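**Q** So you can see what is in the structure, the chains are spelled out below.
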Amino acid sequence: MTKIMPRRLNGKTSADVALIYGIAIAFVTLFLIYPIVNLLVSSALAVFSSASKPLPEHFLGYMLKVTWNTFYLAFLTTVSSLVIALPLAILITKFKIRSSNIWLGLLTIPLITPAFISSFSVIILLGRTGVLTKALKLLGIQFPPIYGLIGLVITQTLHTIPYSLLVLIAGLKTIPRHIEEAAQSMGAGIAKTIFTIVIPSLYPHILMASIMVFLTSIGDIGGPLIIGGNYKVISMEIYSNFISYLGDERIPLIFSAWLILLSIILMIGVNKLMQLTNVKTKFRIGIMEYNNKKARVSGTLFIAVVSILLLLPYGAIIIQSFAVRWNNTWLPAAFTLANYQKVAGETATMLKTLILLGTVTPIIVLLGIIFGQMYKTRPGMRWLSYITLLPFILPGVVIGVSILQGYSTVKIFGLSLSGSVILMIAAIAIRRLPVVLKPIEAGFAKIDIGQEEAAVSLGARELKAFMTVIFPQIRISVYSAIVIGMIKVVTELASSLIIYPPGWRNMSLYVAYYVSEGFISQASAMAVIMIILVGIGTVVSNYLASKENKKYV
Amino acid sequence: MKGMLRKLAVLLVVAALFAPALSRGTLQAQEKELVVYSTIFAEYADKMKAEFEKLNPGVKVYIINPGGTEAMIKKLEAEKGNPQADIMHSGDSSNYLYAKKQGLLQPYAPTAPGFKPTLDIGGKQLALSDKDNYYHVFNMMFTGIMVNEDLVKEKKLPLPKNFKDLANPAYKGLVMSANPLKSSTAVTNIMATYQMYGDKVWDIWDAINKNIPYYSNSSSSIYTLVEKGEFAFTIGLSRPALVSRKNGNPVNFIFPEDGAMISDNAMGIVAGAKHPNLAKKFIDFILSDQMQLFGAEYLYIPVKKGLLPASNPASLEYTSAQIKTLLLPDPSLEEKARPEIQAKFGEYIRLK
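Heads up: the sequence lines are chains E and B, in that order.
Taking my numbering, the leading residue of the first sequence gets 1, the next gets one more, and so forth.
Taking my numbering, the leading residue of the second sequence gets 554, the next gets one more, and so forth.
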């Protein structure tokens, strides 16, 4: 590990802060930087040192086409995800929509559902023989084939709306009511206030949500694997040539390096934008809510319609979970409880899921807070943010293999690391760190660093200043990070699949296994249980968060 | 709030302390566990675990499926310095030839009663064991075409008789295949056409390629997609197709008249296995009559002659009676074919 001494706010860094930063940097160095560099260098040496044949003809053109495809898809997904999520978020937070928590809970379901099964549920609905395809046909509408760009945009939009929604809602809760009150008192209508005050104040979160959706789309494997057809994207090129029989070993290397380069350029651009849109709040007062009956009623209707549309594929999963078979018919040929009986016996699988959840989530949330504070107060360390973001876009299987290869022979206290669950925990933590770090960073972005400096100059130690001045202001972002983090830990698949040690098959692995074995119904039953379990966790966290919130209002 | 942070920190520390305890001990006086990397289908995997544990009281079997044969090899390669698996199980023997060359396997000569290293099929000899005993074939399937009969009827399409019939322009957009660069199953089918058509093989594939909308990177989903009626045909293997039919789906498997080739399932002991004695027992267990017959229930063709009556649909006799041209894998062709397949399908896929 390289020793980097962070600068303190006023020049020095106290020992406790240096230690905390050191641990966080060590974790990322050990489980991300070293394994990836090791993997890239060792395979580059192996591949390029042997007398190599030329790359396939027109490879450069192909690479550009795949790159264009990747970014075009990410762009379309980002736009459609935000266009749907932004009005939903504003309605839920600002218009006293009845049972908004229930809608919010329901809208989180796509995030909880393993990507594999989501893609299949889209096929059940919109495939050539899909239920909706048939319904549309009766109305005289021919739905285009979904294997390709259309199917990808649909599944990725479904999957990313909850992300956008959670980040935007967290953002809306940080807009102090007085600025909206001022606008209103000067005669601005609700719509005008929303467009001229609320949305501009939300730019950091809109940008953060966009970048999360954009990168999720770039890193997605489940969608391209099941529904991508001929629409080729970078993540799939890496995956299918990395885990392959006759694949060209140079392709995953070239594409990985290319992807890392592109994402760094992208992040530099985003950081520049973030600086332009930073809206600082000096102090916090409760948020503004509008009491407008017309808006509330039409808003409720809008939320209901969008939610039902978005949740159709998940309804299909529930139906599938009770099905004996479901091919090419309106409803399954026969229903059964057998799938649930099989799944109910998998208590070990559920227990392992909970253990992993309880271990990885605290690790990534703590790391998220530490890195968030570091990037905020130590501009000299911000280069590291490009690295902590990498796991978002690098295929999970590459991360899994890199950690496995890097640590297969390492022993701690006589115990071999590669047979233990430690590597699995580390892999999931590294893979999901960006998911919690981004919302926490968005929270930090709104804080004026001057407050902490003031506390420090008044004699508070940095740690104390952070706890008393900064943390209360980012805690809403931290809560949304915990919720997103929990969900993404439970659904992590790509690196777990390659790294899980004997006895550690969790629910997400179980679902993927039975989907790929063709036991879609059994996999659906487990997915439903997973949604319920994580759903309960989400509701409990939200409840605790709102209770905690009240203390500060 | 401070309290909450402190709780998080405590959790982290506790987790860090307990994590090593959660790992399995690797120093055992006696072999008490067996780690099997296998991509065999779920019910067979459950059965082999349960039965082996029953036969060896006190032993725990862990079956790990890293998501396909290719991923399994990648995992074994990454762990080469400190192998975690004792057995590499399932996937066709070309994968095992590769694993042998990479030094991932160690030899063992099975002692299961009735198992012979070669199998006589219509006068031709099929090698079941590697010549140095690094791996062994434990059951078989055939290459060919899975068809969704409902969709074929609905679209009023003729049924293909030969593999080359898949080039019929009426099938445009309806033929599915796994990506041959990624999946060895797809390659086995291509190797069969190599034997059927020799130098003309690429003319036929140029035409079939036009009917294939895309090459699936998820090798296992091709059967589900045909089952659902998303596509009318998939180039694949007999067993998954016939099991789907047995489960009541409107599908069938066509053994092409121009050639159906044996696709085998192999296994071997991992080099440096931590539980070598149990591993040897396991190899013999999989080759035992009991497990051969169990596989047959799921239409895996046993590698021991005379185990099943010729009337049983899983017997070699029954299956080969349906096959006009029965082909055996020819490893000598592979050297020549591999770079050609890589180049040709690389181009097909890039240009789609």
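In case anyone wonders, no lab produced these hints; they're calculated from the structure.
Just so you know, these numbers come straight off a predicted model, no measurement behind them.
Ideal Cβ placement from N, Cα and C applies to all residues, glycine included.
Accuracy of the hints is not assured; some may be wrong.
Subject to a maximum C-alpha distance of 25 Å in a straight line, what follows is the list of computed PhoX-like cross-link-like pairs (lysine-lysine) [said to hold, decoys possible]:
{"no.": "1", "chain 1": "B", "residue 1": "Lys714", "chain 2": "E", "residue 2": "Lys134"}
{"no.": "2", "chain 1": "B", "residue 1": "Lys714", "chain 2": "B", "residue 2": "Lys799"}
{"no.": "3", "chain 1": "E", "residue 1": "Lys65", "chain 2": "B", "residue 2": "Lys799"}
{"no.": "4", "chain 1": "E", "residue 1": "Lys342", "chain 2": "B", "residue 2": "Lys799"}
Beyond 10 Å from chain E on every Cβ pair, some chain B residues (computed) [claimed, not checked]:
{"no.": "5", "residue": "Ala595"}
{"no.": "6", "residue": "Leu608"}
{"no.": "7", "residue": "Lys627"}
{"no.": "8", "residue": "Gln637"}
{"no.": "9", "residue": "Gln659"}
{"no.": "10", "residue": "Val705"}
{"no.": "11", "residue": "Val740"}
{"no.": "12", "residue": "Ser773"}
{"no.": "13", "residue": "Lys781"}
{"no.": "14", "residue": "Lys799"}
{"no.": "15", "residue": "Pro803"}
{"no.": "16", "residue": "Arg903"}
**Q** Are the hints correct? Go through all of them and say.
**A** To see whether the hints hold, each was checked on the structure:
{"no.": "1", "hint": "Lys714(B) x Lys134(E)", "in the structure": "violated (31 Å)"}
{"no.": "2", "hint": "Lys714(B) x Lys799(B)", "in the structure": "holds (22 Å)"}
{"no.": "3", "hint": "Lys65(E) x Lys799(B)", "in the structure": "violated (43 Å)"}
{"no.": "4", "hint": "Lys342(E) x Lys799(B)", "in the structure": "holds (21 Å)"}
{"no.": "5", "hint": "Ala595", "in the structure": "violated (5 Å)"}
{"no.": "6", "hint": "Leu608", "in the structure": "holds (19 Å)"}
{"no.": "7", "hint": "Lys627", "in the structure": "violated (6 Å)"}
{"no.": "8", "hint": "Gln637", "in the structure": "violated (5 Å)"}
{"no.": "9", "hint": "Gln659", "in the structure": "holds (18 Å)"}
{"no.": "10", "hint": "Val705", "in the structure": "holds (13 Å)"}
{"no.": "11", "hint": "Val740", "in the structure": "violated (6 Å)"}
{"no.": "12", "hint": "Ser773", "in the structure": "violated (4 Å)"}
{"no.": "13", "hint": "Lys781", "in the structure": "violated (5 Å)"}
{"no.": "14", "hint": "Lys799", "in the structure": "holds (12 Å)"}
{"no.": "15", "hint": "Pro803", "in the structure": "violated (8 Å)"}
{"no.": "16", "hint": "Arg903", "in the structure": "violated (5 Å)"}
The structure fails to meet hints 1, 3, 5, 7, 8, 11, 12, 13, 15, 16 from the earlier list, while all remaining hints are met.
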